[in-house]
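Asker: Which chain is which? The protein sequence lines are F and Y, in order. Under this note's numbering, the first residue of the first sequence carries the number 321, and numbering increases by one thereafter. Under this note's numbering, the first residue of the second sequence carries the number 321, and numbering increases by one thereafter.
Some hints could be false.
Stated by the list, open to error - Simulated pairs of lysine-lysine, DSS-like, Cα-Cα distance not exceeding 25 Å:
#1 F/Lys372 with Y/Lys372
#2 Y/Lys372 with Y/Lys449
#3 Y/Lys347 with F/Lys449
#4 F/Lys372 with Y/Lys347
#5 Y/Lys449 with Y/Lys427
#6 F/Lys413 with F/Lys427
#7 Y/Lys449 with Y/Lys425
#8 F/Lys427 with Y/Lys372
#9 Y/Lys427 with Y/Lys413
#10 Y/Lys347 with Y/Lys449
#11 Y/Lys436 with Y/Lys413
#12 F/Lys427 with Y/Lys405
#13 F/Lys405 with F/Lys427
#14 Y/Lys425 with Y/Lys405
#15 Y/Lys347 with Y/Lys413
#16 F/Lys425 with F/Lys436
#17 F/Lys372 with Y/Lys436
#18 F/Lys347 with F/Lys427
#19 F/Lys449 with Y/Lys372
#20 F/Lys425 with F/Lys405
#21 F/Lys436 with Y/Lys372
#22 Y/Lys372 with Y/Lys347
#23 F/Lys384 with Y/Lys427
#24 F/Lys425 with F/Lys449
#25 Y/Lys384 with F/Lys372
#26 F/Lys427 with F/Lys449
#27 F/Lys372 with Y/Lys405
#28 Y/Lys384 with Y/Lys405
#29 Y/Lys413 with F/Lys347
#30 F/Lys436 with F/Lys413
#31 Y/Lys405 with Y/Lys449
#32 Y/Lys425 with F/Lys384
#33 Y/Lys384 with F/Lys427
#34 F/Lys405 with F/Lys449
#35 Y/Lys372 with F/Lys405
#36 F/Lys436 with F/Lys384
#37 Y/Lys384 with F/Lys425
#38 F/Lys347 with Y/Lys372
#39 Y/Lys347 with Y/Lys405
Simulated from the structure, these hints should not be mistaken for laboratory data.
Number of protein chains: 2
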Amino acid sequence: MRFAHVMIRVNNLDESIEFYSTVLGMKLQDVVVNDEYQYTIAFLGYGDDRHKETCLELTYNWGKSSYEIGTAFGHLAIAVVDVYKACEEVSAKGGSVTRPAGPLKGKPDSIIAFIKDPNGYQIELVTQK
Amino acid sequence: MRFAHVMIRVNNLDESIEFYSTVLGMKLQDVVVNDEYQYTIAFLGYGDDRHKETCLELTYNWGKSSYEIGTAFGHLAIAVVDVYKACEEVSAKGGSVTRPAGPLKGKPDSIIAFIKDPNGYQIELVTQK
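Here chain F stands alone, though its shape is the one from the complex (with noise of 0.2 Å):
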């Protein structure tokens, strides 16, 4: 068995797609279209083969764009070299830094933070170890 891939809808693909890519420095592996049934999806991620590293799920319902994150589902983590300096580019890059980095509560040697995509999902940066 392997950990394929994380789904999460979203509320405009073109605009994830360019956070994620852009702002997450995923690539763009795949995309398919479902005339039938009215959606878009997108696979992104950092390798270059979907069916070998755990990637991401975009789906786009057409016409849909609001949905509830609830309170069940967590976050999205990236392992970064430095979560300062990532969180640097992530706000030049025009994205939404939610926690500034610095140290976890309760666990003051672990340097994390959070950010938010376009569809209100957290993402947490943690130090590649």
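With chain F fixed as given, assemble chain Y onto it according to the hints.
Answerer: Just chain Y now, kept in the frame of chain F:
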């Protein structure tokens, strides 16, 4: 940058660890207890090192067992060799198959199924390519 993990909140940590390890074959990689902020997190995945491959982070906030799944988050997808056989195994281990194995609508060469975790999260089973 690396896709580090996906965090979901769970109602009962032991129950969820049992599900993801026994039913979905993940390994329990790490457990972190935070007494000060009263939560316990567990990392599970298919690799041995959670700092190398994307893993799942389960967060249990002590005493909290009610969350809203919402409509935005879609699912986690697990790739398997044979979706039909995987569904039989999931059922035999007490898992809940909510959409039996079969062709994807509008894309009949893709065989998928959906199961539900103990918290209500949707998990898609897809064929490993």
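Asker: Work down the list of hints and note, for each, if the structure agrees.
Answerer: Hint check:
{"no.": "1", "hint": "F/Lys372 with Y/Lys372", "verdict": "holds (13 Å)"}
{"no.": "2", "hint": "Y/Lys372 with Y/Lys449", "verdict": "holds (21 Å)"}
{"no.": "3", "hint": "Y/Lys347 with F/Lys449", "verdict": "holds (19 Å)"}
{"no.": "4", "hint": "F/Lys372 with Y/Lys347", "verdict": "holds (19 Å)"}
{"no.": "5", "hint": "Y/Lys449 with Y/Lys427", "verdict": "holds (15 Å)"}
{"no.": "6", "hint": "F/Lys413 with F/Lys427", "verdict": "violated (29 Å)"}
{"no.": "7", "hint": "Y/Lys449 with Y/Lys425", "verdict": "holds (19 Å)"}
{"no.": "8", "hint": "F/Lys427 with Y/Lys372", "verdict": "holds (21 Å)"}
{"no.": "9", "hint": "Y/Lys427 with Y/Lys413", "verdict": "violated (29 Å)"}
{"no.": "10", "hint": "Y/Lys347 with Y/Lys449", "verdict": "holds (22 Å)"}
{"no.": "11", "hint": "Y/Lys436 with Y/Lys413", "verdict": "holds (13 Å)"}
{"no.": "12", "hint": "F/Lys427 with Y/Lys405", "verdict": "violated (43 Å)"}
{"no.": "13", "hint": "F/Lys405 with F/Lys427", "verdict": "holds (20 Å)"}
{"no.": "14", "hint": "Y/Lys425 with Y/Lys405", "verdict": "holds (20 Å)"}
{"no.": "15", "hint": "Y/Lys347 with Y/Lys413", "verdict": "holds (16 Å)"}
{"no.": "16", "hint": "F/Lys425 with F/Lys436", "verdict": "holds (20 Å)"}
{"no.": "17", "hint": "F/Lys372 with Y/Lys436", "verdict": "holds (24 Å)"}
{"no.": "18", "hint": "F/Lys347 with F/Lys427", "verdict": "violated (32 Å)"}
{"no.": "19", "hint": "F/Lys449 with Y/Lys372", "verdict": "holds (9 Å)"}
{"no.": "20", "hint": "F/Lys425 with F/Lys405", "verdict": "holds (20 Å)"}
{"no.": "21", "hint": "F/Lys436 with Y/Lys372", "verdict": "holds (24 Å)"}
{"no.": "22", "hint": "Y/Lys372 with Y/Lys347", "verdict": "holds (14 Å)"}
{"no.": "23", "hint": "F/Lys384 with Y/Lys427", "verdict": "holds (22 Å)"}
{"no.": "24", "hint": "F/Lys425 with F/Lys449", "verdict": "holds (19 Å)"}
{"no.": "25", "hint": "Y/Lys384 with F/Lys372", "verdict": "violated (36 Å)"}
{"no.": "26", "hint": "F/Lys427 with F/Lys449", "verdict": "holds (15 Å)"}
{"no.": "27", "hint": "F/Lys372 with Y/Lys405", "verdict": "holds (21 Å)"}
{"no.": "28", "hint": "Y/Lys384 with Y/Lys405", "verdict": "violated (35 Å)"}
{"no.": "29", "hint": "Y/Lys413 with F/Lys347", "verdict": "violated (37 Å)"}
{"no.": "30", "hint": "F/Lys436 with F/Lys413", "verdict": "holds (13 Å)"}
{"no.": "31", "hint": "Y/Lys405 with Y/Lys449", "verdict": "holds (16 Å)"}
{"no.": "32", "hint": "Y/Lys425 with F/Lys384", "verdict": "holds (20 Å)"}
{"no.": "33", "hint": "Y/Lys384 with F/Lys427", "verdict": "holds (22 Å)"}
{"no.": "34", "hint": "F/Lys405 with F/Lys449", "verdict": "holds (16 Å)"}
{"no.": "35", "hint": "Y/Lys372 with F/Lys405", "verdict": "holds (21 Å)"}
{"no.": "36", "hint": "F/Lys436 with F/Lys384", "verdict": "holds (20 Å)"}
{"no.": "37", "hint": "Y/Lys384 with F/Lys425", "verdict": "holds (20 Å)"}
{"no.": "38", "hint": "F/Lys347 with Y/Lys372", "verdict": "holds (19 Å)"}
{"no.": "39", "hint": "Y/Lys347 with Y/Lys405", "verdict": "holds (21 Å)"}
Checked against the numbered hints listed earlier, the structure breaks hints 6, 9, 12, 18, 25, 28, 29; every other hint is satisfied.
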